[in-house]
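Participant: Here is what each chain is made of, one letter per residue.
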Amino acid sequence: DAGVIQSPRHEVTEMGQEVTLRCKPISGHNSLFWYRQTMMRGLELLIYFNNNVPIDDSGMPEDRFSAKMPNASFSTLKIQPSEPRDSAVYFCASSIRTGTGELFFGEGSRLTVL
Amino acid sequence: AQSVTQLDSQVPVFEEAPVELRCNYSSSVSVYLFWYVQYPNQGLQLLLKYLSGSTLVKGINGFEAEFNKSQTSFHLRKPSVHISDTAEYFCAVSLMDSNYQLIWGAGTKLIIKP
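Same order as they appear, the protein sequences are chains Z and W. Per our numbering, the very first residue in the first sequence carries number 120; after that it's consecutive. Per our numbering, the very first residue in the second sequence carries number 469; after that it's consecutive.
No wet-lab data here; the hints were simulated from the structure. Treat the hints with caution; some may be incorrect.
Claimed, not checked - Distance windows between CB atoms, simulated:
1) W:Asn529 - Z:Arg204: 17 to 23 Å
2) W:Ser494 - Z:Glu137: 39 to 45 Å
3) W:Phe482 - Z:Ile215: 35 to 41 Å
4) Z:Val131 - W:Val497: 39 to 45 Å
5) Z:Gln199 - W:Leu475: 36 to 42 Å
6) W:Ser494 - Z:Pro189: 35 to 41 Å
7) W:Val497 - Z:Ser146: 21 to 27 Å
8) W:Ser496 - Z:Thr231: 37 to 43 Å
9) Z:Asp176 - W:Gln513: 22 to 28 Å
What the hints assert, rightly or not - Straight-line distance between alpha carbons at most 25 Å, and here's what the computed SDA-like set of lysine to any residue pairs gives:
10) Z:Lys143 - Z:Ile215
11) W:Lys517 - Z:Gly122
12) W:Lys577 - Z:Ile215
13) W:Lys517 - W:Ser495
14) W:Lys517 - W:Asn529
15) Z:Lys143 - W:Asn509
16) W:Lys517 - Z:Asn149
17) W:Lys577 - Z:Thr157
18) W:Lys577 - Z:Leu165
19) W:Lys526 - Z:Ala207
20) W:Lys577 - Z:Pro173
21) W:Lys517 - Z:His129
22) W:Lys546 - W:Ala574
23) W:Lys526 - W:Ile580
24) W:Lys517 - W:Val487
25) W:Lys537 - W:Leu563
26) W:Lys517 - Z:Gly218
27) W:Lys577 - Z:Lys197
28) Z:Lys143 - W:Ile571
29) W:Lys577 - Z:Arg229
30) W:Lys517 - Z:Lys187
31) W:Lys581 - W:Tyr568
32) Z:Lys143 - Z:Pro173
33) W:Lys537 - W:Tyr507
34) W:Lys517 - Z:Arg216
35) W:Lys577 - Z:Arg128
36) W:Lys526 - Z:Arg216
37) W:Lys526 - Z:Gly122
38) Z:Lys143 - W:Gln510
39) Z:Lys197 - Z:His129
40) Z:Lys187 - W:Ile571
Note that the Cβ used here is the ideal one computed from N, Cα and C, for glycine as well.
Bound conformation, chain W alone:
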């Protein structure tokens, strides 16, 4: 069975500091990978995705993620966070042989300290 693990439920970080949100997945077949962001009292919004090609993917708001197939990881990074990045971040995978099903991680709350 496939699964997605977000290792940290909360990550506190000072404003303007770098951040990394960790995501590992388990799958016996090839996958597509996604990060979504959920701001307070809003729906989820796609931050970035990896379908193929370069393993370093750049998304909106200065975020990027790197696909590491050997470590089955897709960690999200930002070199300098802003108070407006306060949100919950969800990692998700889609099986290449499935046409609709997304498997979601439990989410990581990014807490920006002033």
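Extracted from the complex, chain Z is given alone in its bound form:
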């Protein structure tokens, strides 16, 4: 079975450019999470969707960040404009049922903003 699929795996861009990260969750999973991982802050939850609806976006750092989930099989995280401090690994994770705590993570998108 395919796991959570993220693209791109690596992205290098210049400050001010728009960045779009993509995620395909596991089929049948109704919960989707976007996390950011850095050495300084560890794992941070950015946003949580349940049945394609954003439930908690309190972790989105600024208005420069936005996330969408137009259907059950696709989500995007967009940063516009990007800044060097956005450099991190961004993970998408899905879960078959809210509340289990069992998340299936993608391999991550490593973003470097110059």
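Since the structure of chain Z is already known, use the hints to place chain W on it.
Facilitator: Positioned in the frame of chain Z, the structure of chain W alone reads:
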């Protein structure tokens, strides 16, 4: 407020030796407990979880953990480590009255010495 403390940022251990990775949590309500593993350049993967029942939980790759409610601990153990266990290990808790939020520890890097 709830928190998770992983007492060691790095644990070096010789191959075939036993290892214990420590995790303590603070919460005023009952919790579910998890250990996740992150291999280099990969996403996180669930190693084991405690939801209820026996306080000794067995996971994948020969790992086990014991829930100690009085000490609010959930330490991870393996009797004999292999070079392939080199990874970062994350402890996490989920509040029983929360349907999605995971609180993460800072992670412990397990370094296997040949």
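Participant: Each hint needs a verdict: does it hold in this structure or not?
Facilitator: Hint check results:
1. At roughly 36 Å, the beta carbons of Asn529 of chain W and Arg204 of chain Z sit outside the given window of 17 to 23 Å.
2. The hinted window of 39 to 45 Å between Ser494 of chain W and Glu137 of chain Z holds, with their beta carbons roughly 40 Å apart.
3. Judged by the Cβ atoms, the range 35 to 41 Å given for Phe482 of chain W and Ile215 of chain Z holds: they are separated by roughly 39 Å.
4. In this structure the supplied range 39 to 45 Å holds for Val131 of chain Z paired with Val497 of chain W, their Cβ-Cβ distance being about 43 Å.
5. Take Gln199 of chain Z and Leu475 of chain W: their Cβ atoms lie about 40 Å apart, and the range 36 to 42 Å holds.
6. Distance hint check: the CB atoms of Ser494 of chain W and Pro189 of chain Z are about 39 Å apart, consistent with the given range 35 to 41 Å.
7. In this structure the supplied range 21 to 27 Å is violated for Val497 of chain W paired with Ser146 of chain Z, their Cβ-Cβ distance being about 33 Å.
8. Judged by the Cβ atoms, the range 37 to 43 Å given for Ser496 of chain W and Thr231 of chain Z holds: they are separated by roughly 40 Å.
9. Taken as a hint, the range 22 to 28 Å holds for the pair Asp176 of chain Z and Gln513 of chain W, whose Cβ atoms sit roughly 26 Å apart.
10. About 14 Å separates the Cα atoms of Lys143 of chain Z and Ile215 of chain Z, which keeps this hinted pair within 25 Å; it holds.
11. Straight-line distance between C-alpha atoms of Lys517 of chain W and Gly122 of chain Z comes to about 20 Å, which keeps the hinted pair within the 25 Å bound.
12. For the proposed pair Lys577 of chain W and Ile215 of chain Z, the alpha carbon gap of about 29 Å is over 25 Å, so the pair is violated.
13. Proposed proximity of Lys517 of chain W and Ser495 of chain W is supported: the alpha carbons are some 17 Å apart, at most 25 Å.
14. For the proposed pair Lys517 of chain W and Asn529 of chain W, the alpha carbon gap of about 14 Å is at most 25 Å, so the pair holds.
15. The straight-line distance between the Cα atoms of Lys143 of chain Z and Asn509 of chain W is roughly 19 Å, inside the 25 Å bound, and the hint therefore holds.
16. For the proposed pair Lys517 of chain W and Asn149 of chain Z, the alpha carbon gap of about 20 Å is at most 25 Å, so the pair holds.
17. For the given pair, Lys577 of chain W sits about 15 Å from Thr157 of chain Z by alpha-carbon distance, which is consistent with the 25 Å threshold.
18. Our distance criterion of 25 Å between C-alpha atoms is met by Lys577 of chain W and Leu165 of chain Z, whose separation comes to about 24 Å.
19. Taking the CA atoms of Lys526 of chain W and Ala207 of chain Z, the gap is near 33 Å; set against the 25 Å cutoff, the hint is violated.
20. Proposed proximity of Lys577 of chain W and Pro173 of chain Z is contradicted: the alpha carbons are some 33 Å apart, above 25 Å.
21. Simply put, Lys517 of chain W and His129 of chain Z have alpha-carbon atoms about 31 Å apart, too far for the 25 Å limit, and the pair is violated.
22. Distance hint between Lys546 of chain W and Ala574 of chain W is fulfilled; the C-alpha atoms sit about 20 Å from each other, no more than 25 Å.
23. Between Lys526 of chain W and Ile580 of chain W the alpha-carbon distance is near 21 Å, which keeps this suggested pair within the 25 Å criterion.
24. Simply put, Lys517 of chain W and Val487 of chain W have alpha-carbon atoms about 18 Å apart, close enough for the 25 Å limit, and the pair holds.
25. Straight-line distance between C-alpha atoms of Lys537 of chain W and Leu563 of chain W comes to about 14 Å, which keeps the hinted pair within the 25 Å bound.
26. Distance check on the hinted pair: Lys517 of chain W and Gly218 of chain Z sit about 13 Å apart at the alpha-carbon level, within 25 Å; holds.
27. Of the pairs offered as hints, the one joining Lys577 of chain W and Lys197 of chain Z is violated, with about 31 Å between alpha carbons and a cut-off of 25 Å exceeded.
28. With a C-alpha separation of about 24 Å, the suggested pair Lys143 of chain Z and Ile571 of chain W falls inside the 25 Å cut-off, and the hint holds.
29. Distance hint between Lys577 of chain W and Arg229 of chain Z is fulfilled; the C-alpha atoms sit about 20 Å from each other, no more than 25 Å.
30. Only pairs whose Cα atoms come within 25 Å are accepted, and Lys517 of chain W paired with Lys187 of chain Z is rejected, the gap being roughly 30 Å.
31. Between the alpha carbons of Lys581 of chain W and Tyr568 of chain W the distance comes to roughly 37 Å, so the proposed pair goes past 25 Å and is violated.
32. For the hint linking Lys143 of chain Z to Pro173 of chain Z, the alpha-carbon distance of about 16 Å falls within 25 Å, and the restraint holds.
33. Of the supplied pair hints, the one linking Lys537 of chain W and Tyr507 of chain W is violated, its CA atoms being roughly 29 Å apart against a limit of 25 Å.
34. Among the hinted pairs, Lys517 of chain W with Arg216 of chain Z is consistent with the structure: their alpha-carbon atoms are about 15 Å apart, no more than 25 Å.
35. Between the alpha carbons of Lys577 of chain W and Arg128 of chain Z the distance comes to roughly 23 Å, so the proposed pair stays at or under 25 Å and holds.
36. Of the pairs offered as hints, the one joining Lys526 of chain W and Arg216 of chain Z holds, with about 22 Å between alpha carbons and a cut-off of 25 Å not exceeded.
37. Between Lys526 of chain W and Gly122 of chain Z the CA atoms are separated by roughly 23 Å; this keeps the pair inside 25 Å, and the hint holds.
38. The hinted pair formed by Lys143 of chain Z and Gln510 of chain W meets the criterion: a straight-line CA distance of about 16 Å does not exceed 25 Å.
39. Between the alpha carbons of Lys197 of chain Z and His129 of chain Z the distance comes to roughly 15 Å, so the proposed pair stays at or under 25 Å and holds.
40. At roughly 24 Å between alpha-carbon atoms, Lys187 of chain Z and Ile571 of chain W fall within 25 Å of each other, so this suggested pair holds.
Of the numbered hints listed earlier, those contradicted by the structure are 1, 7, 12, 19, 20, 21, 27, 30, 31 and 33.
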